[in-house]
Amino acid sequence: MAVLVFGVAFVGARIHAPGHAKGKAKPLGAPSSFERAVKRSVAQGGQIAPAVQPPPVASSTS
Amino acid sequence: MSADPIHRFRAMGCDVAVAGADPAAVAAVLERWEDAFSLFRPESELSRVNRSPARALAVSRFFSSTLEVALDVAAETDGLVDPTLCSRWREVVLCGRLLSRPPGLALDLNGVVKSLAVDEAVATLDGPGFVSVGGDLAVRGPVDVALPAGGAIRVVAGGLATSGTASRGSHLVDAATGLSCDSRWEQVTASGATCLAADVAAKAGFLLGERGPEWLDERGIPGRFVGVNGEVVENDRWAGATRAVQECT
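Residue numbers (our numbering), protein chains in the order written: chain A, 1 to 62; chain B, 1001 to 1249.
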């Protein structure tokens, strides 16, 4: 009797609330933009200002 | 800048200028890098790696850490600065000290070696000074630096590097085509948090042509571009940094 009641209740619950659509599970992972932000960036600006003295050294192609 | 004398010598095929440091100590640093990565030295580790027919081989920690930087640079620049020079940098796999790449795929680490050597050399300074190798430099304390096509800039911190075709012809290769780059720029100078950052930015800015100034601005990198027709273009970051003091005076 208990099994019958349980079975009816179970089927009723499934009909009443079938649950969400189950898609293929996707692995959790940080977005690539986040990874790029926290990864050491090799492209970071330096600090410059107008020159005030005759330069002792030059920057050029080599 | 300090009143230390400037020591000048040749290393890595370039003119070197050093202030505030023992030139012998700097020369030793540069020699170690050249000994490991010069393609002109048959017994350098890089030359031996390129000659090896093995698909996978063990490399030194020095080599693996440098190659890791080169691969990071390739990723950061979407392949513009590429250690394979032919857009195949994704085929190079590094796992610790184990290097795997298709046999015959040669590596060229010139895109990062000189600037990394400069960054290591400037770390030997105890006080204010600078190390410049072939015009790519890093500073400790402010240093005024002459620029291509005239003018000068004060490097307050970090590094400054220039890339282009002016002195040795077209030595930059467009990784997408494998051919010498035909850019609208003759020289590009960039300011970076390190000499490596500056050098990578200057190369990328040069290779990107018209998009160079904007690409550097998007990353907060000051850049100055000298066109093949002699025009000088400063991106917003460069212009802002050099104009700020003038507006206050």
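Just so you know, these hints were derived from the structure itself, not from any lab. Just so it is clear, the structure is predicted and the values come from calculations on it, not from any experiment. Treat each hint with caution, since some may be false.
As the list claims (entries may be wrong) - Among the chain A residues that face chain B by a calculated CB cut under 10 Å, a handful are:
hint, residue
1, A2
2, V3
3, V5
4, G7
5, A9
6, G12
7, A13
8, Q44
9, G46
10, Q47
11, I48
12, Q53
13, P55
14, S59
15, S60
16, T61
Said to hold, decoys possible - Just a few of them, taken from the derived set where beta-carbon distance is under 8 Å, the chain B residues facing chain A:
hint, residue
17, L1039
18, P1042
19, A1146
20, I1153
21, A1193
22, A1198
23, G1220
24, V1233
25, A1241
Said to hold, decoys possible - Here are the simulated distance ranges between beta carbons:
hint, chain 1, residue 1, chain 2, residue 2, range
26, B, V1093, A, A58, 36 to 44 Å
27, A, P50, B, G1104, 44 to 52 Å
28, A, A58, B, R1061, 33 to 41 Å
29, A, P56, B, G1220, 26 to 34 Å
30, B, H1007, A, P54, 25 to 33 Å
31, A, P50, B, A1058, 34 to 42 Å
Ideal placement from N, C-alpha and C gives every residue a C-beta, glycine not left out.
Hint check results:
{"no.": "1", "hint": "A2", "verdict": "violated (59 Å)"}
{"no.": "2", "hint": "V3", "verdict": "violated (57 Å)"}
{"no.": "3", "hint": "V5", "verdict": "violated (59 Å)"}
{"no.": "4", "hint": "G7", "verdict": "violated (55 Å)"}
{"no.": "5", "hint": "A9", "verdict": "violated (55 Å)"}
{"no.": "6", "hint": "G12", "verdict": "violated (55 Å)"}
{"no.": "7", "hint": "A13", "verdict": "violated (51 Å)"}
{"no.": "8", "hint": "Q44", "verdict": "holds (4 Å)"}
{"no.": "9", "hint": "G46", "verdict": "holds (3 Å)"}
{"no.": "10", "hint": "Q47", "verdict": "holds (4 Å)"}
{"no.": "11", "hint": "I48", "verdict": "holds (5 Å)"}
{"no.": "12", "hint": "Q53", "verdict": "holds (5 Å)"}
{"no.": "13", "hint": "P55", "verdict": "holds (4 Å)"}
{"no.": "14", "hint": "S59", "verdict": "holds (5 Å)"}
{"no.": "15", "hint": "S60", "verdict": "holds (4 Å)"}
{"no.": "16", "hint": "T61", "verdict": "holds (5 Å)"}
{"no.": "17", "hint": "L1039", "verdict": "violated (15 Å)"}
{"no.": "18", "hint": "P1042", "verdict": "violated (23 Å)"}
{"no.": "19", "hint": "A1146", "verdict": "holds (4 Å)"}
{"no.": "20", "hint": "I1153", "verdict": "holds (5 Å)"}
{"no.": "21", "hint": "A1193", "verdict": "holds (4 Å)"}
{"no.": "22", "hint": "A1198", "verdict": "holds (6 Å)"}
{"no.": "23", "hint": "G1220", "verdict": "holds (4 Å)"}
{"no.": "24", "hint": "V1233", "verdict": "violated (16 Å)"}
{"no.": "25", "hint": "A1241", "verdict": "holds (5 Å)"}
{"no.": "26", "hint": "V1093/B <-> A58/A: 36 to 44 Å", "verdict": "holds (40 Å)"}
{"no.": "27", "hint": "P50/A <-> G1104/B: 44 to 52 Å", "verdict": "holds (50 Å)"}
{"no.": "28", "hint": "A58/A <-> R1061/B: 33 to 41 Å", "verdict": "holds (35 Å)"}
{"no.": "29", "hint": "P56/A <-> G1220/B: 26 to 34 Å", "verdict": "holds (28 Å)"}
{"no.": "30", "hint": "H1007/B <-> P54/A: 25 to 33 Å", "verdict": "violated (18 Å)"}
{"no.": "31", "hint": "P50/A <-> A1058/B: 34 to 42 Å", "verdict": "violated (50 Å)"}
Of the numbered hints given earlier, the model fails hints 1, 2, 3, 4, 5, 6, 7, 17, 18, 24, 30 and 31; all others are met.
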